[in-house]
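> Sequence:
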Amino acid sequence: MKLLELIGLPVYEIETGKQVSKVKDFRITEQWCITHIELEGSGRKANVISVVRWEDVTACGEDAIMIANDKAIRQTEAIHIERSFLTGKAAMRDLPVVTTEGSQLGWVADVYFQPNMGNHITGLEISDGLLSDLLEGRRQIDGMSGLKWGADVIVVEES
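In terms of full-length UniProt numbering, the sequence shown has 2 at position 2, counting the first letter as 1, and numbering is strictly consecutive.
I should point out that these hints are in silico values taken from the structure, not numbers from a laboratory. Where is the CB? At the ideal position from N, CA and C, for every residue including glycine. Some hints could be false.
SDA-like cross-link-like pairs, simulated, lysine to any residue; straight-line CA separation at most 25 Å [stated by the list, open to error]:
hint: 1; residue 1: K24; residue 2: G118
hint: 2; residue 1: K18; residue 2: R74
hint: 3; residue 1: K89; residue 2: K18
hint: 4; residue 1: K148; residue 2: W107
hint: 5; residue 1: K2; residue 2: L131
hint: 6; residue 1: K22; residue 2: L131
hint: 7; residue 1: K71; residue 2: N119
Have a look at the derived ranges for each label pair, beta carbon to beta carbon [stated by the list, open to error]:
hint: 8; residue 1: E77; residue 2: G150; range: 23 to 33 Å
hint: 9; residue 1: R74; residue 2: E30; range: 20 to 30 Å
hint: 10; residue 1: K22; residue 2: E101; range: 24 to 34 Å
hint: 11; residue 1: E157; residue 2: E40; range: 34 to 44 Å
hint: 12; residue 1: A68; residue 2: V155; range: 36 to 46 Å
hint: 13; residue 1: E40; residue 2: E82; range: 39 to 49 Å
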């Protein structure tokens, strides 16, 4: 499954069957783990956002994200976001991917993970531009060992 496929999906409570929000973004650690889902319709203030911890997600499907109830939703300050997938200062999407030898492979287009196996990212999808994507397809980096998420690039060991 890819993270971009989940952006915009509804988040439902199992207890009431009520839609509580939609997925806006994901928080990701330097160790390539998804920790939180950021929800649309952030809190009452501009600097507060609503999040659901990954542990509170009961199911992550193709059509919806399920949580037990609205107690899983927490409010946090936006300034505490260190790394995310789509938005923010340290967003992973569109970061250049560069080898240790200094060759740029492309930019992060999407992230792979297996929701039934936990919150670990299993690979990256790399774009080398629209024309290249259409002619050759996007590249994949499977496995996250040997990758370092820096401030301005993701560095991958040459192989």
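> Each hint needs a verdict: does it hold in this structure or not?
Hints, one by one, checked against the model:
1. K24 <-> G118: Between K24 and G118 the Cα gap is close to 20 Å, so the pair holds against 25 Å.
2. K18 <-> R74: 17 Å, holds
3. K89 <-> K18: 32 Å, violated
4. K148 <-> W107: With Cα atoms ~14 Å apart, K148 and W107 stay inside 25 Å; holds.
5. K2 <-> L131: Satisfied, since the Cα-Cα distance of roughly 22 Å is no more than 25 Å.
6. K22 <-> L131: 32 Å, violated
7. K71 <-> N119: 20 Å, holds
8. E77 <-> G150: 23 to 33 Å: 25 Å, holds
9. R74 <-> E30: 20 to 30 Å: About 22 Å separates the Cβ atoms of R74 and E30, which means 20 to 30 Å holds.
10. K22 <-> E101: 24 to 34 Å: 41 Å, violated
11. E157 <-> E40: 34 to 44 Å: 37 Å Cβ-Cβ, so the 34 to 44 Å window holds.
12. A68 <-> V155: 36 to 46 Å: Taking Cβ atoms as reference, A68 and V155 lie about 39 Å apart, which means the hint holds.
13. E40 <-> E82: 39 to 49 Å: Violated - the Cβ-Cβ distance for E40 and E82, about 20 Å, lies outside 39 to 49 Å.
When held up to the earlier numbered hints, the structure conflicts with 3, 6, 10 and 13 and fits the remainder.
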